[in-house]
Amino acid sequence: MTYDTAATDRAWMTQAIELSRACPPVANRFNVGAVIVAADGTQLSSGYSREGGDPAVHAEESALAKVPPGDPRLRTATLYSTLEPCSERSSHPVPCATLVIAARIPRVVIAWREPSLLVADCQGVEQMTAAGIEVTELPDLAEAARAVNAHMRG
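Position 144 of the sequence shown, counting from 1, maps to 144 under full-length UniProt numbering, and the rest follow consecutively.
One or more of the hints may lead you astray.
[To be verified] Distance windows between CB atoms, simulated:
1. K66 <-> P25: 31 to 39 Å
2. P68 <-> T129: 33 to 41 Å
3. K66 <-> E137: 19 to 27 Å
4. P25 <-> R113: 20 to 28 Å
5. V94 <-> A7: 29 to 37 Å
Think of the hints as simulated: they come from the structure by calculation, not from any bench. On a predicted model such as this, the values are computed, not experimentally measured, just so you know. Yeah, the Cβ is synthetic: ideal placement off N, Cα and C, and Gly gets one too.
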């Protein structure tokens, strides 16, 4: 049984949004939450920006680090992220979109695309789609994800 219904996506994204509220506040850094869910509907891991006191860790990176590399459940999992996985970054050598592609996660659900505040043209969705990943946006939850990032609105 797969969990790709709108209600299930909304429930997991709501959990990711709640996780994003745990981010230590930092000016000019997004507060992002991420949850990785196995095909059977069990949560594999979760993470949020700056988790564990690392000022540079991203939510997707944190969640992926908690799952053993090569775990076969990742090949049928869904990653829920409140913000489009980054396509470039200066704080770590590997962007989150690249990490998601390398993990072979087939489906990513986001609440909103990264605005051009820090990166002029984030290409995370395009990179993942080109790699064969199904990307779903939940525009009805975008405002809830943006609200956690009110400090970013200049």
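Given the hint of 29 to 37 Å, check if V94 and A7 actually sit that far apart at their C-beta atoms. At roughly 33 Å between Cβ atoms, A7 and V94 fall inside 29 to 37 Å, so the hint holds.
Quick check on a hinted range of 33 to 41 Å for P68 and T129, using CB atoms only. Since P68 and T129 have Cβ atoms about 26 Å apart, the given range 33 to 41 Å is violated.
Taking the CB of K66 and the CB of P25, does the distance hold inside 31 to 39 Å? 23 Å, violated
Tell me if the beta carbons of P25 and R113 are separated by a distance inside 20 to 28 Å. About 22 Å separates the Cβ atoms of P25 and R113, which means 20 to 28 Å holds.
Is it true that K66 and E137 lie within 19 to 27 Å of each other by Cβ? Holds, at about 25 Å.
When held up to the earlier numbered hints, the structure conflicts with 1 and 2 and fits the remainder.
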